[in-house]
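Chains as they are written, first to last, in full-length UniProt numbering: chain A, 1 to 387; chain B, 1 to 387; chain C, 1 to 387; chain D, 1 to 387.
There's no promise every hint is true.
No copy is singled out in the list; a pair is fine if it fits within one copy or between any two copies.
Keeping only pairs whose Cα atoms sit at most 30 Å apart, straight-line, the calculated DSSO-like set for lysine-lysine is [what the hints assert, rightly or not]: (1) LYS30 with LYS320; (2) LYS86 with LYS320; (3) LYS207 with LYS320; (4) LYS372 with LYS207; (5) LYS365 with LYS207; (6) LYS115 with LYS320.
Honestly, the hints are just simulated from the structure, not real lab data. Please read all numbers here as calculations on a predicted model, not as lab measurements.
The residues making up each chain are set out below.
Protein chains: 4
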Amino acid sequence: MSMIDFTTGLNNLAIETPSWAYGNSGTRFKVFTQHGVPRDPFEKITDAAQVHAFTGAAPTVALHIPWDRVSDFAALATHATDQGVKLGAINANVFQDDDYMLGSVTNPDPRVRRKAIDHLLECVDIMDVTGSRDLKLWFSDGTNYPGQDDIRARQDRLSEALAEVYDRLGDGQRILLEYKLFEPAFYTMDVPDWGTSFLHCIALGPKATVCVDTGHHAPGTNIEFIVAMLLRAGRLGAFDFNSRFYADDDLMVGAADPFQLFRIMHEVVRGGGLDPATGVAFMLDQCHNIEPKIQGQIRSVMNAQEATAKALLVDADALKAAQSAGDVLGANAVLMDAYNTDVRPLLASWREERGLAADPMAAYKASGYFDKIVAERVGGTQAGWGA
Amino acid sequence: MSMIDFTTGLNNLAIETPSWAYGNSGTRFKVFTQHGVPRDPFEKITDAAQVHAFTGAAPTVALHIPWDRVSDFAALATHATDQGVKLGAINANVFQDDDYMLGSVTNPDPRVRRKAIDHLLECVDIMDVTGSRDLKLWFSDGTNYPGQDDIRARQDRLSEALAEVYDRLGDGQRILLEYKLFEPAFYTMDVPDWGTSFLHCIALGPKATVCVDTGHHAPGTNIEFIVAMLLRAGRLGAFDFNSRFYADDDLMVGAADPFQLFRIMHEVVRGGGLDPATGVAFMLDQCHNIEPKIQGQIRSVMNAQEATAKALLVDADALKAAQSAGDVLGANAVLMDAYNTDVRPLLASWREERGLAADPMAAYKASGYFDKIVAERVGGTQAGWGA
Amino acid sequence: MSMIDFTTGLNNLAIETPSWAYGNSGTRFKVFTQHGVPRDPFEKITDAAQVHAFTGAAPTVALHIPWDRVSDFAALATHATDQGVKLGAINANVFQDDDYMLGSVTNPDPRVRRKAIDHLLECVDIMDVTGSRDLKLWFSDGTNYPGQDDIRARQDRLSEALAEVYDRLGDGQRILLEYKLFEPAFYTMDVPDWGTSFLHCIALGPKATVCVDTGHHAPGTNIEFIVAMLLRAGRLGAFDFNSRFYADDDLMVGAADPFQLFRIMHEVVRGGGLDPATGVAFMLDQCHNIEPKIQGQIRSVMNAQEATAKALLVDADALKAAQSAGDVLGANAVLMDAYNTDVRPLLASWREERGLAADPMAAYKASGYFDKIVAERVGGTQAGWGA
Amino acid sequence: MSMIDFTTGLNNLAIETPSWAYGNSGTRFKVFTQHGVPRDPFEKITDAAQVHAFTGAAPTVALHIPWDRVSDFAALATHATDQGVKLGAINANVFQDDDYMLGSVTNPDPRVRRKAIDHLLECVDIMDVTGSRDLKLWFSDGTNYPGQDDIRARQDRLSEALAEVYDRLGDGQRILLEYKLFEPAFYTMDVPDWGTSFLHCIALGPKATVCVDTGHHAPGTNIEFIVAMLLRAGRLGAFDFNSRFYADDDLMVGAADPFQLFRIMHEVVRGGGLDPATGVAFMLDQCHNIEPKIQGQIRSVMNAQEATAKALLVDADALKAAQSAGDVLGANAVLMDAYNTDVRPLLASWREERGLAADPMAAYKASGYFDKIVAERVGGTQAGWGA
């Protein structure tokens with residue numbers, strides 16, 4: 001048997017979808033526009049609510065500030081509740097102002113650093129209103145050329161900025177510090193790997209945890225190992241789920257390497273990460289550059305559920321027995337038995353027991369929602385990554 | 001002694017700068033705007049002419065269609081001549097129209113393929129006017145998800161499109177077929193590697209050659225090996241120079257790995273690539289996201305010259321002797337002796353013999369050109385990667 | 001429906017196991033010895049026959065010369081037939097003699113080149129006796145340091161050697177030219193990628209084809225794209241199957257990335273590679289450093305069958321329809337539906353219809369074969385990678 | 001000016017050479033034998049002394065236990081002193097016993113763990129005799145297949161083993177905990193990255209520091225960033241220098257990417273790593289598979305000196321000024337000015353001031369030492385990686 005009951009595990013898997021997944025996105029080469037795209041944060045949340053309505057597993061929506069800045073966040077929260085979802089993590093954005101060309105909190109210019117920190121503090125203010133627990137910090141800060149700036153001085157600046165924000169956190173609020181190997185900086189990123197993020201988190205205190213974005217690693221990195229390490233150290237705060245063949249491709253989670261996603265969820269199950277007390281937040285962070293956005297989110301939630309279901313099917317006792325015996329092939333076979341199982345019928349049952357359609361994608365397509373938003377959302381400016 | 005005379009080799013190194021390097025560029029996260037950026041193709045060429053004026057080694061400018069589409073290309077050519085440069089390769093762009101979301105010449109929709117091919121043919125029309133020899137073809141075409149489209153069918157479509165364009169080429173015109181591992185497509189690119197490009201070139205005929213972009217390879221790829229192979233096969237048409245630490249970072253050539261650039265130029269010298277009869281075009285294809293653009297181009301030209309100068313200093317006879325004797329360290333030492341030489345004084349002399357300033361960067365900075373364009377270029381829309 | 005009937009496709013999947021997989025193997029750090037390991041080629045074939053006996057899908061055994069050199073190859077072939085298998089490809093080994101330190105067929109020393117070519121010709125002599133169709137050529141040749149040898153001259157030598165061997169081939173004999181990115185050479189390999197292998201094959205003629213080892217690529221390489229390209233060009237001769245997380249790890253095929261294996265087999269099915277007329281040989285090339293060897297081979301054969309079965313389940317008509325319509329998620333879903341199917345029951349039925357046990361691994365374990373060879377194989381020298 | 005005086009910096013650069021570099025080495029495919037190779041630890045040290053005699057910069061020799069186990073370590077230490085060098089770090093080897101097939105200190109079997117820990121404790125005993133400060137711990141431990149063992153349980157075992165060894169350390173003794181991405185394990189390594197090593201070091205205490213092997217990272221990893229981080233955190237204990245194009249190629253340091261080595265040494269200088277009080281040990285860990293071993297070590301020491309000399313030439317004031325001003329190209333140019341300088345004359349002078357030959361390689365070749373050892377070292381078993 002697994003370390004957590006199958007149904008409990010699935011029930012506990014709440015996947016937060018990101019508001020920005022519903023807007024247009026693209027590469028530096030081209031942002032292709034799609035039909036029916038939201039024009040404001042309210043419409044994004046309405047779309048996100050569809051994902052939850054059909055999957056039953058996406059109850060919260062992450063916001064991105066300033067993209068989702070509204071005059072009345074309490075009204076936005078109420079709108080979310082009316083739609084059947086809640087506001088989730090606040091993602092601070094300090095990378096889309098010309099001032100941030102050479103960095104935000106690590107910029108050599110103290111004026112720019114002050115501006116960036118003020119934005120982070122403003123995000124905590126918003127959290128107070130929205131009731132969000134998590135402040136997600138991803139910094140695009142870094143350098144493009146050797147010598148451009150002092151690596152160590154930038155760490156000192158980062159440390160100082162984080163400390164100020166940490167001190168501002170209220171009870172029950174956390175920092176999720178995300179790392180990324182490269183892009184948009186191409187020589188150094190100031191938080192390039194889990195080691196750097198972890199180092200800053202332990203310096204800050206217990207309310208600072210690491211966010212693992214599955215697309216932010218060097219080729220060959222064993223992500224599930226990092227997950228196991230962070231769970232063991234009590235510092236895994238969140239996932240930003242997506243998938244990739246090359247770099248930070250931001251494809252639908254599970255699309256590029258479903259076996260990797262399963263292995264990650266196996267370590268989550270193994271390390272107690274599906275127990276709400278552990279505090280691991282499961283978030284999507286993806287771009288649907290060429291596929292329909294709501295469908296892309298529904299498929300991603302389903303992929304995450306399928307990987308989790310397989311992980312929950314792993315026979316933990318048999319696995320431990322084979323591992324202890326040094327039975328290499330036997331232990332691997334226990335894991336693969338679970339992976340090779342077709343869990344789609346199990347998930348269909350899980351949904352039907354909750355009054356949901358067995359096939360969320362088909363149900364969504366049949367709902368007419370997409371035609372409705374295409375017809376309604378005329379005029380205005382489509383949401384995207386622009387400020 | 002080297003296989004080509006040092007001075008002759010340097011004299012033959014003509015580096016084409018790209019019109020788009022003078023406009024704004026960035027990542028998907030942000031395009032930072034800079035001061036004094038050109039508003040139209042004429043201003044781009046004026047800037048490019050500065051690079052040639054101070055380096056004496058950048059006599060031509062590549063155009064990007066449609067970014068550089070003008071009503072009168074003859075007038076643009078005349079403008080170039082007036083500025084002391086000439087128009088170079090025509091870079092076809094079939095990736096910035098919503099129609100191309102699922103591909104251009106490999107799109108499953110024949111209407112879109114027709115549109116894309118027509119654009120390529122239009123580029124040859126422009127070449128007829130500008131007197132350009134080279135049509136550079138880089139296709140962003142590919143797929144993001146397994147199964148999204150049929151890999152083989154896309155090759156058939158690509159083959160068909162290339163054949164039609166090839167047939168349209170006039171005497172003295174060539175196709176340069178560029179390859180790229182990934183981005184913007186994240187599962188397959190339709191021309192991901194030199195093997196694919198080479199395969200299509202030999203199917204097309206002698207006027208089709210491969211373009212090697214130094215940032216378009218998988219990690220660990222030995223680029224100079226590819227250069228040697230293509231020179232041996234008579235199919236190296238051009239370089240798109242830039243440098244990278246991670247992916248297609250498009251940093252200044254020589255900035256990330258100057259030793260690699262030297263090794264590449266060593267193979268170019270070894271394979272006769274500095275002999276104009278070989279027909280290798282040396283082009284820059286870079287982004288100056290955070291550094292001043294004209295300075296970035298000047299530095300890049302100088303980096304390419306330094307690497308070439310070192311390659312020209314390799315004692316070819318000593319190298320061959322050590323190689324033939326199986327003297328591993330001795331042969332390596334011959335190469336490293338050239339690399340470790342400080343060639344900056346040699347290049348200063350080369351410049352002064354041509355009436356140029358010994359230090360092109362300092363001379364450019366002292367010229368007041370930058371202040372002039374900042375003052376003059378008020379109003380209008382800064383050039384960038386937009387259509 | 002698929003492009004080939006499900007059962008026919010499975011029936012046509014004949015997987016050749018390598019004689020060396022039954023001997024000891026390891027890394028440069030340590031070769032761990034196992035119990036019951038064969039002491040000579042005859043015992044290797046006896047072991048290989050077990051894999052076929054329990055899976056029904058591994059009818060041939062590849063030999064490695066000189067590791068499997070015997071005084072009487074006809075007797076070895078008879079032994080194989082007695083055991084229920086046949087001898088397969090001959091793998092030439094020109095990397096384990098001190099003479100080959102700086103290369104075999106590309107060595108700067110003509111004496112060494114002659115010796116190496118003679119060995120290759122001897123391998124064809126052996127093929128004449130064993131009735132083997134395929135001469136597998138993998139060259140460890142390359143250089144460790146820039147400048148160590150001349151890249152282009154080595155290609156000339158390679159070309160010359162291949163031509164001599166090609167001319168020696170009899171009717172119905174082929175060269176399979178394998179490529180590998182690195183190891184054991186660490187700067188250049190003389191055949192590092194499919195482009196190089198392909199270039200030499202087309203220069204040689206129709207009896208020269210490419211061998212794709214699934215562990216021999218740069219990180220991020222899309223192997224199924226290469227497979228599709230080679231099938232389209234009529235030059236895919238063989239696979240060396242194995243799997244890897246990092247480099248040429250030589251793990252059991254399907255162990256590291258079962259989805260990749262499925263995608264490869266999907267391209268094989270799509271390109272007609274399961275039609276015997278296409279001439280694609282499916283071989284394992286793996287190391288069982290820490291797991292039992294015969295079990296490791298059985299598991300690998302089963303993994304290859306499962307991936308193939310899933311590929312055969314792909315609804316080709318539905319896939320084509322979705323692709324043609326530009327339905328990104330729909331087309332991907334058709335592929336994933338097949339991948340997510342649990343094909344183990346289908347394969348159990350396929351086996352039982354052939355009089356085999358439904359579970360080959362369990363049946364092998366129950367057979368007592370392993371205890372038998374452990375008891376019998378006392379004394380002598382265990383087979384390994386040694387010369 | 002730099003942060004440390006040029007001559008002082010060079011004087012402080014003491015490079016420890018590894019005893020195993022003088023023995024035969026190779027890949028899993030073949031260990032090529034060379035002439036004159038030592039047959040025992042005494043001869044290795046005699047060879048190592050040559051490197052110091054000609055470079056003046058390699059005063060200590062690292063030992064590998066059990067490869068260098070002798071009955072009387074005091075005698076070995078005396079022999080070293082007689083030759084002009086001293087014994088350095090003790091490298092524990094727990095990877096070449098059949099017992100360690102599934103791990104040493106992380107093995108699921110407590111008996112094997114006990115055996116491994118006892119070996120580590122024995123190494124500290126040896127350190128007491130040799131006067132060594134550093135116990136270098138590199139564990140080959142890991143798994144090849146998903147599920148093979150429990151990632152987290154292995155960390156618990158590792159933690160327990162390290163604690164026992166840490167407690168055994170005497171005054172002035174340290175643990176250097178090395179990390180490695182992969183090889184010989186191909187799914188997980190138990191210490192795959194600096195984050196893991198760092199985490200264990202801070203758990204242990206101040207006498208535990210990280211060892212950075214320059215060949216042990218994922219592709220694209222920015223090593224100098226890690227160096228800067230560890231120096232800032234006071235946990236950079238040592239380097240294992242070598243270079244690589246692909247994986248852990250173990251080529252001569254500086255051979256594959258001299259610019260990277262320079263950037264690393266720039267961070268060392270910047271972070272005070274050339275100040276002996278910082279306690280950074282500079283060690284070589286290389287394989288000379290195809291080149292003469294003593295020459296390979298001499299070249300490596302020279303390469304490290306050249307990179308360090310360039311780093312010491314960086315104008316720290318100008319660099320800081322440009323960085324503070326946000327002058328991207330200016331700051332990069334300050335760094336590149338130092339890198340592009342030909343420091344060989346400076347190093348020749350440094351040597352001559354110390355009574356050494358200006359050209360250590362030429363002097364060594366002229367010394368006749370190699371002919372002498374070839375003649376003398378007849379019979380016996382050449383040293384290699386074997387147990």
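Do the hints match the structure? See the list:
1. For the identical chains of this complex, LYS30 and LYS320 are inter-copy neighbours only, at 27 Å across copies versus 50 Å inside a copy, given an alpha-carbon limit of 30 Å.
2. Proximity of LYS86 and LYS320 under a CA criterion of 30 Å is satisfied in neither setting, with 39 Å inside one chain copy and 40 Å between copies.
3. Proximity of LYS207 and LYS320 under a CA criterion of 30 Å is satisfied in neither setting, with 33 Å inside one chain copy and 35 Å between copies.
4. In this assembly of identical chains, LYS372 and LYS207 lie within 30 Å of each other by CA distance neither inside one copy nor across copies; the values are 43 Å within and 52 Å between.
5. Within a single copy, LYS365 and LYS207 get their C-alpha atoms no closer than 41 Å, and across copies no closer than 50 Å, so neither meets the 30 Å cut-off.
6. For a Cα distance limit of 30 Å, the shortest separation of LYS115 from LYS320 across copies, 23 Å, qualifies, whereas the shortest one inside one copy, 52 Å, does not.
In summary, the numbered hints that this structure violates are 2, 3, 4, 5.
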